[in-house]
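Student: For reference, the chains in residue letters:
2 protein chains.
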Amino acid sequence: MLTIASKAKRFNCITVKWSLDVQQLADKRAVLIIIDGMADRPLIDHDYKTPLEFANTPNMDRLAKGGLVGQLDPISPGIRAGSDVANLALLGYDPAKYYTGRGALEALGAGMELRPGDVAFRCNFATVDDDFRVEDRRAGRIRKGASKLAKVVDAIKIDGVPGIKTIFKATVDHRAVLVLRGEKLSRMISDTDPKEEGAKIAISRGLDGSEEAKRTSAAVNEFVKRSHEALREHPLNQERANKGEKAANIVLTRGAGTIPNLPSFKSMFDLRGCCISGTPMVQGIAMAAGMEVVDVKGATGGIKTDYEAKAKAVIEGSKDKNFVLVHVKAPDIAGHDGDFKGKVRTLEEADGLVGHIIDEVDIGLNYVALTADHATPVGYGAHTGDPVPIIIGGPDVPASRVLKLSEASAARGNLGRIRGLDLMPIITDLVGRSRLYGS
Amino acid sequence: MLTIASKAKRFNCITVKWSLDVQQLADKRAVLIIIDGMADRPLIDHDYKTPLEFANTPNMDRLAKGGLVGQLDPISPGIRAGSDVANLALLGYDPAKYYTGRGALEALGAGMELRPGDVAFRCNFATVDDDFRVEDRRAGRIRKGASKLAKVVDAIKIDGVPGIKTIFKATVDHRAVLVLRGEKLSRMISDTDPKEEGAKIAISRGLDGSEEAKRTSAAVNEFVKRSHEALREHPLNQERANKGEKAANIVLTRGAGTIPNLPSFKSMFDLRGCCISGTPMVQGIAMAAGMEVVDVKGATGGIKTDYEAKAKAVIEGSKDKNFVLVHVKAPDIAGHDGDFKGKVRTLEEADGLVGHIIDEVDIGLNYVALTADHATPVGYGAHTGDPVPIIIGGPDVPASRVLKLSEASAARGNLGRIRGLDLMPIITDLVGRSRLYGS
Numbered sequence: 021m022l023t024i025a026s027k028a029k030r031f032n033c034i035t036v037k038w039s040l041d042v043q044q045l046a047d048k049r050a051v052l053i054i055i056d057g058m059a060d061r062p063l064i065d066h067d068y069k070t071p072l073e074f075a076n077t078p079n080m081d082r083l084a085k086g087g088l089v090g091q092l093d094p095i096s097p098g099i100r101a102g103s104d105v106a107n108l109a110l111l112g113y114d115p116a117k118y119y120t121g122r123g124a125l126e127a128l129g130a131g132m133e134l135r136p137g138d139v140a141f142r143c144n145f146a147t148v149d150d151d152f153r154v155e156d157r158r159a160g161r162i163r164k165g166a167s168k169l170a171k172v173v174d175a176i177k178i179d180g181v182p183g184i185k186t187i188f189k190a191t192v193d194h195r196a197v198l199v200l201r202g203e204k205l206s207r208m209i210s211d212t213d214p215k216e217e218g219a220k221i222a223i224s225r226g227l228d229g230s231e232e233a234k235r236t237s238a239a240v241n242e243f244v245k246r247s248h249e250a251l252r253e254h255p256l257n258q259e260r261a262n263k264g265e266k267a268a269n270i271v272l273t274r275g276a277g278t279i280p281n282l283p284s285f286k287s288m289f290d291l292r293g294c295c296i297s298g299t300p301m302v303q304g305i306a307m308a309a310g311m312e313v314v315d316v317k318g319a320t321g322g323i324k325t326d327y328e329a330k331a332k333a334v335i336e337g338s339k340d341k342n343f344v345l346v347h348v349k350a351p352d353i354a355g356h357d358g359d360f361k362g363k364v365r366t367l368e369e370a371d372g373l374v375g376h377i378i379d380e381v382d383i384g385l386n387y388v389a390l391t392a393d394h395a396t397p398v399g400y401g402a403h404t405g406d407p408v409p410i411i412i413g414g415p416d417v418p419a420s421r422v423l424k425l426s427e428a429s430a431a432r433g434n435l436g437r438i439r440g441l442d443l444m445p446i447i448t449d450l451v452g453r454s455r456l457y458g459s
Numbered sequence: 021m022l023t024i025a026s027k028a029k030r031f032n033c034i035t036v037k038w039s040l041d042v043q044q045l046a047d048k049r050a051v052l053i054i055i056d057g058m059a060d061r062p063l064i065d066h067d068y069k070t071p072l073e074f075a076n077t078p079n080m081d082r083l084a085k086g087g088l089v090g091q092l093d094p095i096s097p098g099i100r101a102g103s104d105v106a107n108l109a110l111l112g113y114d115p116a117k118y119y120t121g122r123g124a125l126e127a128l129g130a131g132m133e134l135r136p137g138d139v140a141f142r143c144n145f146a147t148v149d150d151d152f153r154v155e156d157r158r159a160g161r162i163r164k165g166a167s168k169l170a171k172v173v174d175a176i177k178i179d180g181v182p183g184i185k186t187i188f189k190a191t192v193d194h195r196a197v198l199v200l201r202g203e204k205l206s207r208m209i210s211d212t213d214p215k216e217e218g219a220k221i222a223i224s225r226g227l228d229g230s231e232e233a234k235r236t237s238a239a240v241n242e243f244v245k246r247s248h249e250a251l252r253e254h255p256l257n258q259e260r261a262n263k264g265e266k267a268a269n270i271v272l273t274r275g276a277g278t279i280p281n282l283p284s285f286k287s288m289f290d291l292r293g294c295c296i297s298g299t300p301m302v303q304g305i306a307m308a309a310g311m312e313v314v315d316v317k318g319a320t321g322g323i324k325t326d327y328e329a330k331a332k333a334v335i336e337g338s339k340d341k342n343f344v345l346v347h348v349k350a351p352d353i354a355g356h357d358g359d360f361k362g363k364v365r366t367l368e369e370a371d372g373l374v375g376h377i378i379d380e381v382d383i384g385l386n387y388v389a390l391t392a393d394h395a396t397p398v399g400y401g402a403h404t405g406d407p408v409p410i411i412i413g414g415p416d417v418p419a420s421r422v423l424k425l426s427e428a429s430a431a432r433g434n435l436g437r438i439r440g441l442d443l444m445p446i447i448t449d450l451v452g453r454s455r456l457y458g459s
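Protein chains in written order, with the numbering used here: chain A, 21 to 459; chain B, 21 to 459.
Fair warning: there could be bad hints in the mix.
Treat identical chains as interchangeable: a pair holds within one or across any two.
Unchecked claim - Only pairs whose alpha carbons sit at most 25 angstroms apart, straight line, appear in this in silico PhoX-like list of lysine-lysine:
id	residue 1	residue 2
1	K69	K48
2	K215	K48
3	K424	K85
4	K424	K245
5	K332	K69
6	K177	K332
7	K85	K69
8	K424	K69
9	K286	K215
10	K204	K332
Think of the hints as simulated: they come from the structure by calculation, not from any bench.
Keep in mind the model is a prediction, meaning the values are calculated, not measured.
Can you build the whole structure from these sequences, using the hints too?
Tutor: Listed below in C-alpha cells is the structure:
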C-alpha cells in the first residue's frame, strides 16, 4: 500500500499527465477498454491457438500480469450476446430491464433526435437483383458516397400509411439509421434484412398482433420498396457499376427500437463518465446513460481507426471525468470476416492503444480494465456464447502473474468467472465510490 | 478452422458411426452424461481421497484432458438438491418456475397416465412392525415380486374420502408410484415416509390450510393404512419371512406432485432430444419436456445395469436426434449405502460407458458433456450441497490439460464455476443452435 508521501508524489505526476486541478485529484479514475469481439476459439489450422494467443500484445500482457485476470460472461454462461445487450450489461444496465431494441441506440449514436414514440432501425445499404434477391448485404462494404445516397433516401415519402415521417442518415461504411415518427408506432415488428445472401428480402410483419405493429411494418415495407426505386438509378450506383463495384440499390432494416429509459450513469455509479468510440450504437448507449460522448477525429468505428487520436482523447478529452469508456471495433469486424491475420493485426493495434493508455494513466493510482463485449471467433464469423477475458489493473489489486493474456490464461486467472453486470460494481468499488449495501 | 475437405472426411466417418443420412449431418450433436451422485468428499480412511480420485477412470480423464473442466452447482452454491430439481436445472428448466413435486415425474416415467388435477406420489415398499415403526424403509431393497404386491395395492378402495380413485404401480426395486384421481386434490401435503428407520410412520397433513390439502392428506393416510392390511398377509411376504427376508408390508408415500407444465426442450434449445435412463423420475422429466424416452433392455436404474446396452442405445437409438441424455444411477445408490468400494466400482463401470460413447461419438465434430446431479458422499449417505465436476469435450473447446478427473482437479479447471441452469445454454451454443440475444 502506498504511503501518504508516495501518494503525494503520484498526485504530482498525475497532475502533469491528466492536467487536472488539485480538487479533481481527490478521485481515483477508471478507464474501461472494450475490445469488440476480442475472444476466439482455438484454431486447428493455427496450432490450436486463438488470434489473441497468436498476437504480440506486450501491453495487455503487462496489464494482466500485475492485475486481476479472469473470465467474463457478457450476460451469463453460453448466452450468445449481441453487442448492444453486451455493452449495456458491461456498463451496468441489465438488458432484461433496459433493452428496447438496437435501432434506437444507433439513432442516438448517429446524433439523430429521438422522441418517445419514435421507432428507429439499424439499416444497411445492400445490393439486390431485379427479383429482390440479396446479392450483397453490405453493398461491397461501400465506404464513399453513402451520405449522398442517404439524401435521396431521406426524401422518401410513405404514401400508403398516413401520418408517418421518415428520417434517414448514413453512419459508418454501409451502415445507416432510419427513424419513423408519427402516431401509433410499435417496435414489435420483424426485420426486412433476411441476414443471408442469396435470400429474398424479408417482408416485415407485426410480432404481437397489435394494430400499431401492423401499421409500422406496412410503413417499413413501403420504405424499403421506395428505397430501391430511389437508389437503383442513382448516378453514384452507375459510377460504381462502371468500376465493377456492387450497387447500393436498396436499404434493408433491422433491430426496431424505441428510446431506452436508462437511469444516468452518474446516479448509478457516482462516476462522471465519457465515451470514446467510433461506433454509433456504443455512442448511443453512452448518450442514453448521460455520459459525454467525445468526438475523436479518425476514430471511425471501422477496420481502420486512428489509435493515436483515440489514446490522446482518453488523456485529453476526459479532464473532468473519472470514468472513460474506450471502445475498439476492428477485431470484431475481422472476426465476422473470418480473417485470422486481420484479427491478429487489429488486436496488436489495439494493444498499442492499451500501451498509450497505461503509460499515461498512472496505474499506481488509477484503474484500467480491459475486456470484450463477446467472442467473434474467426472460424464462425459470428458471435458465440463463450466467456471473454477480463483484466483489471490498478492500485491494491492482487497480481495475477499471468504472463500472456489469452482466453486460456484468463480461465486460470485470479478473478474467477464473473458476469457483465458484475463489472461496474467492481470498478466502482475499486475507485472508492461504491455505496454500502446494508449498514 | 476445418477446411471443407477435412469436414467432409469427418462427416463421412460420422456417417458410418451414427448411420445418419447426409441431411441430418448438417447438425453438430451433443451427449450429456449425468452420473447420479458422482461427487464426494475426501475420506480420512482413504488417504483423504474421494471415490472418484480412487477410481480408475481413463475415459473420463481423456475427455477431461482435451475439454473444458470446471465445477457446477446444480442449483447454487451450498444448496442441497434432490435429483428431481437438479435434473430439471441441468436440462435448462428453472425449478423455481417449473417444479411441481417429484411424484408426478415418477408417475410419468413409470408410464402412468397423469391428468391435470391428479396428485402423484413417490412410494416405497417398506417394513413396519405391529406398532407402525419402520424397520426397513426399503423392505430389504426387494427386487422380485414387487409387481405382484402392487396388484393388491392397486385394488385398494378409499372409503373415508369420497370420489377419489387410487392407481398404483411398482417401478424399480422397492420403488412404486401412487396416483390419486378425483375432484379437489392438492399436492400441498406432507409425507407418510418418516425417512428414518426406527421412527413411526408419519401422518400426512395439509401444508397450506386448504380444504383440498386436508382432503388429500386424509385419503393418503387411509391408503397407507389399507396398504398394510392388504400386504401383511400376502403369500409373498410369508415366503420372504421363510427366507429370513424383510416383509414388504406397507407402502409409504412422499413427494406429492402434479403434472409439470414444461415448455418443450425443442422450443427452448432447438434440439431434438432423447433420454436413456432406467430411472423413472429422469424419464418423467424427459417425457414432460417432450423428449423421446428410449427403452433400453437391461438399463435398470438399479445398482446393476447393462452399460453395453446403454452405450449401444446412445449410438443406435438416437439416429434422428442431436441431443442424447444418458443417466447413470448406480454411484448414487452406493453413496446412499455408504459403500466406498461400491461407489468406486460403479464409477469405474460408468467410465466404461463413457469410453464406449466417446469412441463412437466423434468428438472432433460432436460434443460430450459429463457431470453429476449432486454429490452423494459415502460418509454421509445423503445428498450434500457441494459443487460437482463438469466436463465438456468436443471441437474448438480449449483443452484443460487436467490429467485425472476429480472434485479437486475440477476446481482448478478452465471452465470456472457455473450453475446447473448454465449448462444447456453452453451446450446449445457449442453445437451452434443458440439464438442471438440482442443484435
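Student: Now, for every hint given, state plainly whether the structure supports it.
Tutor: Each hint tested on the structure:
1. K69 with K48: Between copies only: 22 angstroms across, 37 angstroms inside.
2. K215 with K48: between (44 angstroms within a copy, 22 angstroms between copies)
3. K424 with K85: both (8 angstroms within a copy, 22 angstroms between copies)
4. K424 with K245: neither (51 angstroms within a copy, 62 angstroms between copies)
5. K332 with K69: For K332 and K69, the Cα distance exceeds 25 angstroms both inside one copy (33 angstroms) and across copies (35 angstroms).
6. K177 with K332: neither (43 angstroms within a copy, 65 angstroms between copies)
7. K85 with K69: both (20 angstroms within a copy, 17 angstroms between copies)
8. K424 with K69: Result: close both inside a copy and across copies, 13 angstroms intra and 24 angstroms inter.
9. K286 with K215: between (37 angstroms within a copy, 23 angstroms between copies)
10. K204 with K332: neither (45 angstroms within a copy, 59 angstroms between copies)
The structure fails to meet hints 4, 5, 6, 10 from the earlier list, while all remaining hints are met.
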